[in-house]
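Line by line, the protein sequences are chains F and Z. The first sequence: position 13 = 13 (my numbering), numbered continuously. The second sequence: position 306 = 306 (my numbering), numbered continuously.
Source of the hints: derived by calculation from the structure; they are not laboratory data. Treat each hint with caution, since some may be false.
Heads up, the list lumps identical chains together, so a pair's fine if it works in one copy or across two of them.
List time: in silico DSS-like cross-link candidates among lysine-lysine, alpha-carbon distance up to 25 angstroms [said to hold, decoys possible]:
no., residue 1, residue 2
1, K326, K475
2, K217, K110
3, K361, K326
4, K475, K442
5, K326, K217
6, K425, K475
Protein chains: 2
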Amino acid sequence: MDATNQNTAPAPARPQLQRAACIGGGVIGGGWVARFLLAGIDVAVFDPHPEAERIVGEVLANARAAYGRLTDAPLPDEGRLSFHETLEAAVAEADWIQESVPERIELKRKVLAQIDAAARPDALIGSSTSGLLPSDLQEGLRHPGRFFVAHPYNPVYLLPLVEIVGGIGTAPETVEDAVRLLEPTGMKGVPIAREIDAFVGDRLLEALWREALWLIKDGICDVETLDDVIRYSFGMRWAQMGLFQTYRIAGGEAGMRHFLGQFGPALKWPWTKLTDVVDLDDQLVDRIAAQSDAQNEGLSIRRLEQIRDDNLVGILQALKSGDGGKGWGAGRLLAEFEAGLRRRAAEADEKVDGDQNEGLKPLAVRVSPAWIDYNGHMTEHRYLQVLGDATDHVLQAIGADLAYVKAGASYYTVESHLRHLGEAKLGDTLTVTSRIVSFDDKRLHLFHRLTRAQDGAEVATGEHMLLHVDRASGKASPAPAAILSRVAALASGDAPDGEDDGIGRAIRPAAGPDRMALAQGPGATPSTRR
Amino acid sequence: MDATNQNTAPAPARPQLQRAACIGGGVIGGGWVARFLLAGIDVAVFDPHPEAERIVGEVLANARAAYGRLTDAPLPDEGRLSFHETLEAAVAEADWIQESVPERIELKRKVLAQIDAAARPDALIGSSTSGLLPSDLQEGLRHPGRFFVAHPYNPVYLLPLVEIVGGIGTAPETVEDAVRLLEPTGMKGVPIAREIDAFVGDRLLEALWREALWLIKDGICDVETLDDVIRYSFGMRWAQMGLFQTYRIAGGEAGMRHFLGQFGPALKWPWTKLTDVVDLDDQLVDRIAAQSDAQNEGLSIRRLEQIRDDNLVGILQALKSGDGGKGWGAGRLLAEFEAGLRRRAAEADEKVDGDQNEGLKPLAVRVSPAWIDYNGHMTEHRYLQVLGDATDHVLQAIGADLAYVKAGASYYTVESHLRHLGEAKLGDTLTVTSRIVSFDDKRLHLFHRLTRAQDGAEVATGEHMLLHVDRASGKASPAPAAILSRVAALASGDAPDGEDDGIGRAIRPAAGPDRMALAQGPGATPSTRR
Numbered sequence: 001m002d003a004t005n006q007n008t009a010p011a012p013a014r015p016q017l018q019r020a021a022c023i024g025g026g027v028i029g030g031g032w033v034a035r036f037l038l039a040g041i042d043v044a045v046f047d048p049h050p051e052a053e054r055i056v057g058e059v060l061a062n063a064r065a066a067y068g069r070l071t072d073a074p075l076p077d078e079g080r081l082s083f084h085e086t087l088e089a090a091v092a093e094a095d096w097i098q099e100s101v102p103e104r105i106e107l108k109r110k111v112l113a114q115i116d117a118a119a120r121p122d123a124l125i126g127s128s129t130s131g132l133l134p135s136d137l138q139e140g141l142r143h144p145g146r147f148f149v150a151h152p153y154n155p156v157y158l159l160p161l162v163e164i165v166g167g168i169g170t171a172p173e174t175v176e177d178a179v180r181l182l183e184p185t186g187m188k189g190v191p192i193a194r195e196i197d198a199f200v201g202d203r204l205l206e207a208l209w210r211e212a213l214w215l216i217k218d219g220i221c222d223v224e225t226l227d228d229v230i231r232y233s234f235g236m237r238w239a240q241m242g243l244f245q246t247y248r249i250a251g252g253e254a255g256m257r258h259f260l261g262q263f264g265p266a267l268k269w270p271w272t273k274l275t276d277v278v279d280l281d282d283q284l285v286d287r288i289a290a291q292s293d294a295q296n297e298g299l300s301i302r303r304l305e306q307i308r309d310d311n312l313v314g315i316l317q318a319l320k321s322g323d324g325g326k327g328w329g330a331g332r333l334l335a336e337f338e339a340g341l342r343r344r345a346a347e348a349d350e351k352v353d354g355d356q357n358e359g360l361k362p363l364a365v366r367v368s369p370a371w372i373d374y375n376g377h378m379t380e381h382r383y384l385q386v387l388g389d390a391t392d393h394v395l396q397a398i399g400a401d402l403a404y405v406k407a408g409a410s411y412y413t414v415e416s417h418l419r420h421l422g423e424a425k426l427g428d429t430l431t432v433t434s435r436i437v438s439f440d441d442k443r444l445h446l447f448h449r450l451t452r453a454q455d456g457a458e459v460a461t462g463e464h465m466l467l468h469v470d471r472a473s474g475k476a477s478p479a480p481a482a483i484l485s486r487v488a489a490l491a492s493g494d495a496p497d498g499e500d501d502g503i504g505r506a507i508r509p510a511a512g513p514d515r516m517a518l519a520q521g522p523g524a525t526p527s528t529r530r
Numbered sequence: 001m002d003a004t005n006q007n008t009a010p011a012p013a014r015p016q017l018q019r020a021a022c023i024g025g026g027v028i029g030g031g032w033v034a035r036f037l038l039a040g041i042d043v044a045v046f047d048p049h050p051e052a053e054r055i056v057g058e059v060l061a062n063a064r065a066a067y068g069r070l071t072d073a074p075l076p077d078e079g080r081l082s083f084h085e086t087l088e089a090a091v092a093e094a095d096w097i098q099e100s101v102p103e104r105i106e107l108k109r110k111v112l113a114q115i116d117a118a119a120r121p122d123a124l125i126g127s128s129t130s131g132l133l134p135s136d137l138q139e140g141l142r143h144p145g146r147f148f149v150a151h152p153y154n155p156v157y158l159l160p161l162v163e164i165v166g167g168i169g170t171a172p173e174t175v176e177d178a179v180r181l182l183e184p185t186g187m188k189g190v191p192i193a194r195e196i197d198a199f200v201g202d203r204l205l206e207a208l209w210r211e212a213l214w215l216i217k218d219g220i221c222d223v224e225t226l227d228d229v230i231r232y233s234f235g236m237r238w239a240q241m242g243l244f245q246t247y248r249i250a251g252g253e254a255g256m257r258h259f260l261g262q263f264g265p266a267l268k269w270p271w272t273k274l275t276d277v278v279d280l281d282d283q284l285v286d287r288i289a290a291q292s293d294a295q296n297e298g299l300s301i302r303r304l305e306q307i308r309d310d311n312l313v314g315i316l317q318a319l320k321s322g323d324g325g326k327g328w329g330a331g332r333l334l335a336e337f338e339a340g341l342r343r344r345a346a347e348a349d350e351k352v353d354g355d356q357n358e359g360l361k362p363l364a365v366r367v368s369p370a371w372i373d374y375n376g377h378m379t380e381h382r383y384l385q386v387l388g389d390a391t392d393h394v395l396q397a398i399g400a401d402l403a404y405v406k407a408g409a410s411y412y413t414v415e416s417h418l419r420h421l422g423e424a425k426l427g428d429t430l431t432v433t434s435r436i437v438s439f440d441d442k443r444l445h446l447f448h449r450l451t452r453a454q455d456g457a458e459v460a461t462g463e464h465m466l467l468h469v470d471r472a473s474g475k476a477s478p479a480p481a482a483i484l485s486r487v488a489a490l491a492s493g494d495a496p497d498g499e500d501d502g503i504g505r506a507i508r509p510a511a512g513p514d515r516m517a518l519a520q521g522p523g524a525t526p527s528t529r530r
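Given only the sequences and the hints, what does the whole structure look like? Please build it.
Quick look at the structure:
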């Protein structure tokens, strides 16, 4: 995949991101903390707010839950989280310091000057401001060249966008470094060519927000109607293609120029002139607050957050299958993030294992909301998905990985036997242990056992026969000696007690004291087919 | 589910939608044609454009492909599509006439007067206008009460929103009827309380578009950056929650009022004053066209449409799992649409079958892009998904349907045996035939065979043992006589030739002339475990 190319090792002299500091730990600051920690980066926090630890903890809990559903890729061990008494202590060791204090320029300038004085001179300093100019913020810093705006969107742990905006004093390589350092966190640093109040995203949001306030104030619609208009139509277009690419399609084969020709005159129509700033007086605030209460009756903010995060996870996963499986937009970014996680996990495994063989390691898999049926149980075919992941895990361990498949051969599953022994529910973690039961030069016979991590209860077993196939001819072919020797090494060891119950079994037809036979035709005498 | 309540039978006197007429068959008109046809509604088209049939045909092909991936629910037989030489012939029989001619008020008025004169007096007349006022359009009609704006969004066959806007002369029940009649097409009619130029959606779009043009003109960013800013951030928020619900979450426990208090002052900041209308001169058109070409290098409009439709299908499916499986936003609408399809198919089945039993009918399933792995083949667990759907189909046929499950009992799969005999690829249609192999009062033993529809090649088989379970106790329990008699009736008939190959089989361990035994430990002598 091209994806992996974007994560090649940087030149050694450029900054690395192993330790971050977050100054300010509200919803945005806490979101940064979660992004960094879940990417394996240590985070030092400074926030004088008495409840800072609780708030950060809540955002982090949401983020952990979302990541558990977002990806099956091997997340690194979480970075170390520490809270500090002083700003100076928090920033002292950091490679990247992210400022997320309230949006008041005097406060931000004061905090940034403190950071600048206490940080290593080569550390990067980003500000989460959603509207203040970087040139105004960097005035008076001793090292302004390493300062920039890094403006994220809520929820920071799921939405990838970070607008990267440099000021007059920002060194060009700072912007490049910021984009590069964010990559392993799954974020997308988007450099903005010129600084402007509110940058690009909030300018667009503000324009639409202003128009929305007029529509509510003038009684054209209520907030629920307005939200429905967005989410049943262009909201879904914008989740994947944005504005200009969507309009390119609308222009059709005639092209963008033709489309603009059509659209242009509309900009002069009377309805484009409603551009005054709406007066957000008490009456309008009351109306919006009341309509918002009605729209969200029975839905707490906590529940809305869960629903939003589930939806975002689902949209990200859907976009990961986009463009014929290559991934599209934020889904492509997720695929690249996962490729990076897998590559780093494989490298770490190699370092730890050396030439030693430690046998097949168990897989841990979390039951995702998308896997649940109307009974609240894990849907049947998701068991085979987990078993398939376990089979892939064994194939990687014997060297039949993606690179091997690309080189022209692969193991294909030809037969599977599943037994359902218990129920998996939302949020359960399943442990999958795997064993090579038998093999020859073409065949590989696997057995997987799924147990619930919290109580060890057996949930399902899978027995699978795989065939080694030459992909060009499509026929079975002997596996090479390198693979077979790893198979032989891993196939050692006795089966655990009771495991033979699940192996080599056929489905037995219905029979017993309460047997009713197969009818040979309507009204036929009970008899037996098998 | 609440979903089905929304489709209860209307009072008999209200209009029905069985025959539609589409006047104008471009991208929007063709999208309406596709929505109606795929919902089983006959459509008569009038469009004097010489290529109208080709253009409608292309939109329809896209829509059919998208629906094939969107849902496994039983789509009704497509409505009958006819093209007519005169407007009068097209509208004569129609229950709903949708006008989608170019956006020029004189032209629309002339066409609407013609429609009004030729249509049945009780037929509804909707206009696809994206900005003209319904009061202006209905002036001079003989029956203005049945006229309204029904403004859809491209692609009309996937995006559910229709803004329903009445004018001064529109009867209130017309708006209600329009919303109700659109329901079985999967669309969401959203009534707008007061008419206003450009209604709600295009007013919001226009505000953002105007701001976007300034950002490009002033060189703040290029079109790709602007699209990235949207799709990596608030685009994904808006696909599911819109504007106000998103901000409600941003306000946190402090609520909407608190949020507005914070946001309000920003409306007076300098950056909100950039509200002039941009001059879309040649230079700006050239810049946007060139940047758009660069953004979409190598992607034809046709390819972009496919990518967009795949993404929208994926987003809709993701949202269908939202809110703990109840469905959220456009995904909830999709769940309701599917529930309606299933209910109507079941009703139609009952009508056709009467008391006769025609045996188990084969299922037809289309391989979706989301089911394809990096080899271009259908992913392993998707076979079990198709087999699970086939099992559900059998359970419905024996009366163990969703209502039965709700009443307290269900069949659970306890064991499955899959054989992979061929490969399924993107776009293949699979035919699944099912057979009851054996049963007793608690057990149900099924065999499914998957063949490729185009050449009859066998792709996979599934053998499954199900147990009848009392849901309260979680224990096996005898099925009631009503179910067992249907099982007995459907279990009649001999197995087709060769089928026994796939039944009652166990996975055989690797063995043969080229056998390599299981190693008992590293370097152990070859020997045999089983």
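Run the structure past the numbered hints and jot down the numbers of the failing ones, going up. Failing hints, ascending: 1, 2, 3 and 5.
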